[in-house]
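Chemist: Next come the chains, spelled out residue by residue.
Number of protein chains: 2
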Amino acid sequence: MRKSIATVSLSGSLAEKLAAAAAAGFDGVEIFENDLLASPMSPEEVRLRAADLGLAMEIYQPFRDFEAVPADVLARNLRRAEHKFRVMERLGANQLLVCSSVSEDTVSDDALAAEQLHQLADRASAYGIRVAYEALAWGRHVNTYDHSWRIVEQADHPALGVCLDSFHILSRGSDPSGIQEIPGEKIFFLQLADAPLMAMDVLQWSRHYRCFPGQGGLDVAGLARRAVGAGYDGPLSLEIFNDVFRQSDAHRTAVDAMRSLITLEEAVGLARPPAPVVPAGFAFAELATPETDRLSGLLGSLGFARTGRHTGKPVELWEQGHARILLNTGGRTRREGPALAAVGLETPAPADSVKRAESLLAPVLPRRRADNDAPLDAVAAPDGTELFFCRTGHPDHPSWTADFAPAAAPPEPAASAGITRIDHLALTQPWHHFDEASLFYRSVLGLQPDESLELADPYGLIRSRAVTAPDGAVRIALNVAPGPGEHDLPWQHVTLATGDIVATARRLRDLGAPLLPIPGNYYDDLEARYDLGPQTHRTLRSLGILYDRDEHGEFFHLYTVTVGRVFFEIVQRTGGYRGYGAQNAFIRMAAQHAHR
Amino acid sequence: MRKSIATVSLSGSLAEKLAAAAAAGFDGVEIFENDLLASPMSPEEVRLRAADLGLAMEIYQPFRDFEAVPADVLARNLRRAEHKFRVMERLGANQLLVCSSVSEDTVSDDALAAEQLHQLADRASAYGIRVAYEALAWGRHVNTYDHSWRIVEQADHPALGVCLDSFHILSRGSDPSGIQEIPGEKIFFLQLADAPLMAMDVLQWSRHYRCFPGQGGLDVAGLARRAVGAGYDGPLSLEIFNDVFRQSDAHRTAVDAMRSLITLEEAVGLARPPAPVVPAGFAFAELATPETDRLSGLLGSLGFARTGRHTGKPVELWEQGHARILLNTGGRTRREGPALAAVGLETPAPADSVKRAESLLAPVLPRRRADNDAPLDAVAAPDGTELFFCRTGHPDHPSWTADFAPAAAPPEPAASAGITRIDHLALTQPWHHFDEASLFYRSVLGLQPDESLELADPYGLIRSRAVTAPDGAVRIALNVAPGPGEHDLPWQHVTLATGDIVATARRLRDLGAPLLPIPGNYYDDLEARYDLGPQTHRTLRSLGILYDRDEHGEFFHLYTVTVGRVFFEIVQRTGGYRGYGAQNAFIRMAAQHAHR
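Chain order of the listed sequences is V and E. Going from the first sequence to the numbering used here is simple: count from 1 and add 64. Going from the second sequence to the numbering used here is simple: count from 1 and add 64.
Check before you lean on any hint, since a few could be wrong.
Label-pair ranges, simulated between beta-carbon atoms [to be verified]:
id: 1; chain 1: E; residue 1: E400; chain 2: V; residue 2: G237; range: 42 to 52 Å
id: 2; chain 1: E; residue 1: R373; chain 2: V; residue 2: E168; range: 14 to 24 Å
id: 3; chain 1: E; residue 1: A135; chain 2: V; residue 2: D210; range: 47 to 57 Å
id: 4; chain 1: V; residue 1: G237; chain 2: E; residue 2: S167; range: 52 to 62 Å
id: 5; chain 1: E; residue 1: G639; chain 2: V; residue 2: L261; range: 42 to 52 Å
Please keep in mind that the hints were generated in silico from the structure rather than gathered at the bench. We treat Cβ as the ideally placed atom computed from N, Cα and C, and that holds for glycine.
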């Protein structure tokens, strides 16, 4: 189906919005009236610009407070409409969105509303224009889609139909199944918007918090399926009022929007992009660093051994158990020092992983970095992290490890600290792009987003959301700072798993690992909250291990100090614990600030 | 009364919070448990630090999910409480805040709740500790203050009383008049928090949007009056959960908090700071500029004449009618170029204005900048704007104009563009400090805040709120950008009044004033919205004049282009129009971006 976006969903001037929509592959746009009014381009110039960009003018919107009014107001409203029809003629738009009235002038009289909308449609059709009538969730008398349809049915004019908006329908908890009873040709337009589930005034919710389908909690795909089932064949159009999108780069937002629509089409069964290939584990975590001294020391003190050197690039491989860390001194590095720059993901079919990502507009990275390198399938995540799709050590596929010449044997069990693998990675997302990131990991990699959490850093609330493979083999925590200010989120981390946190912690002490000091007050409180027995409490306190539990099991964790932007966490999960120790995050963050 | 603040209201480490509270003049603090847990200071060290700073430990909080539970849970909860009593003993805190349970363990049984709270109070009193029981607005069974009081009354223990929190009471719409029926000595603690009126889930509202009394829409002073009337004599304590305060400088937030409490004390009749002196008009607007060429040209083209030069500083005076603009090339200037740096306010008693401001913690500026200067009374507003209190041309007071040597006569009526005075000024507020600013102008100058508006800039929503003298002689619009990012709000403006916008606009054309081009689409829409007659529509369009109306009258306005951070607006108000043309702001902002 055609894909469209309302200009209000994107930032910038009307010209910038059109360019961004076209670049992301949209077929058409809804022209939001204020975007036209504020533009120095005349309607004719906008028409030409859109045509040049291959964008259809799907609808002009909104026309407000029209129906079910006294005769004198009707006369004014029709005069207003005639002005708009003339603008639309110049613009080349042949549908007008009319939203149900919120005015004090309107009365509760369906017959009057129908009769006046009939008049409006009659005048519109003289211009070749159709009228799509939409029930606003906060309309004064008409605020449900079935009510708007009853009025349209009663008005019975070929140039009058309904506009369905998923937000207005689902935010009120209306049952969308009645959509199937509307003849498809009378559904003139379909607007799709999601929103996080929030208990708040619906007008404020709509104006500030809408998001792209798949980024919130509404069943937008289910609603779209019913409209398509009813025979709707117009565009799928996104109309998103969102404070963050208003501030974000329009091109980036448009790509995010298109990714959302492709994912929705797949869910509805309208399109079949290449299937997602869920990653089966972490192949490696790659740290970009200006020099390796500090990280070498840190990794050594965690029981890692340098096992390889890349044959063509300044990259070292460090291993312990199945945990692999790459230190890359050749790439771009940041002022702050070492940072998590790339993630290797184990997948049964790297090429298929890339096809999936490409179909969802992820930038595909060059397969070979140098002539002698083994080919690598990789894409860029929205935050710039490079995702490599790997099949490590399988005879049927070239392995990235072949590019590394052995530097030393992996540590003997006696030298190791008992670390077995990477448990999860935590990536810092740019301030504006949290929902974009979770949709990306869900749609591209087939990971499931958990609940969004708020973590109290001493200098602001941090939002955190993990995306997880169904079997838990890949977990990525996405963290976003409260704002782009001076306290921008400094930290990413690599979390390593151990089967015995106490033995590992003791070994790390022996190895001189620089661990984050945890305040004694935390342990006093832990004793108040849990009775784990005096011995366990003493052990946790003396080794700086934090503790959490959920209904499935227990979680023990400790941290290193931060090097550059990166620190390491070491965890033991028992009995199927699913979380990340979020309730201890404020302790860790305060300790990190104190330690800096 | 003693003044206190909960540590959760301020950003940073516990040590930073204590320092900020003490520096702002607080007498005591509520220790928020997580702040202690995350601190590397032991309870004993915190006790000493607070004592050094002269801060009392007013209460330790919160203790959750205690009452009306089965016997086994009670045993665990009492064990947990004993741990807390020991921590409080080390800390030197002798009151514990217990909030009503939200746990699934609690049952609806007032007698059981009373009996168990009696037990808790009994154990607490062995440590010399009192228990203040607070009804959370979202408590499972106990969520109103009168309910919490019935339970406390029934428990009948000298170490058990209630804690009243204005947010929990007023957010639910409870009638606070029942507070007077609680014996004052049984009100153990009074927490004060305001919040903007929002229709949303009360828990989310409380956790993210609380603000200092006078910054929101709740009658916090009325509630405090009733508690004091009942005989409460503990501290007035602020407990504010606010996403912005979490990110802001703690010292600045603490000053804002103290200003709020002083204003509340005045409203309640507990304190009598020097009375506010409402300014009677604008004496001048001062622009700091690295050079005067561009602004001289602009002012000349607006019909201003340079009428004076400061005798000791590089400052020029420009006049037209009663509008006076100072150009100062001597002060600090910004990278962006000219900016509005100071405002002269006419007041009947400059020294009294300063006394008022000083009592509300506004920094007082030196009275003489140079030996020969006339003394000037001035303070700094939160955004750094200098506010000068002036008595221009009155024989009973030195006039700032005496420091200026005449440079030319004011323009003859023939040379003038008909500008009569400054209508209003628009100041850009730092991202985090919008509520602080409106409280400052209300409490220090006695200006009344209008509604807060949202203006759609192409790159984000801008919040705007005007503060106005009752007679409209002083109006200041406070604008704040959506975030501190790359699209930080660039613009301040000086709005000048004319009695005849059309004549002024024609004169400005003749003078070659650089006016902001307004899109033709705006005028097409204006014709659709209002039938002002073809002649008026033609005139507005040809002269680039925007139009608005309210129930009181009409508003005509036009803009110059921006020089540095500053532009000028010229307005005509008719028939008592009260607004600022907010509905046209999106047109202006888009035109400004297009023009840059």
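Chemist: State for each hint whether it applies.
Modeler: A quick look at each hint next to the structure:
At about 49 Å, the CB distance of E400 of chain E to G237 of chain V agrees with the hint of 42 to 52 Å. Evaluation of the 14 to 24 Å hint for R373 of chain E and E168 of chain V yields a failure: the beta carbon distance comes to about 57 Å. Between A135 of chain E and D210 of chain V the C-beta distance comes to about 54 Å, which sits within the given range of 47 to 57 Å. Checked against the hint of 52 to 62 Å, the pair G237 of chain V and S167 of chain E fails, with Cβ atoms roughly 29 Å apart.
Separated by about 47 Å at the C-beta atoms, G639 of chain E and L261 of chain V satisfy the suggested range of 42 to 52 Å.
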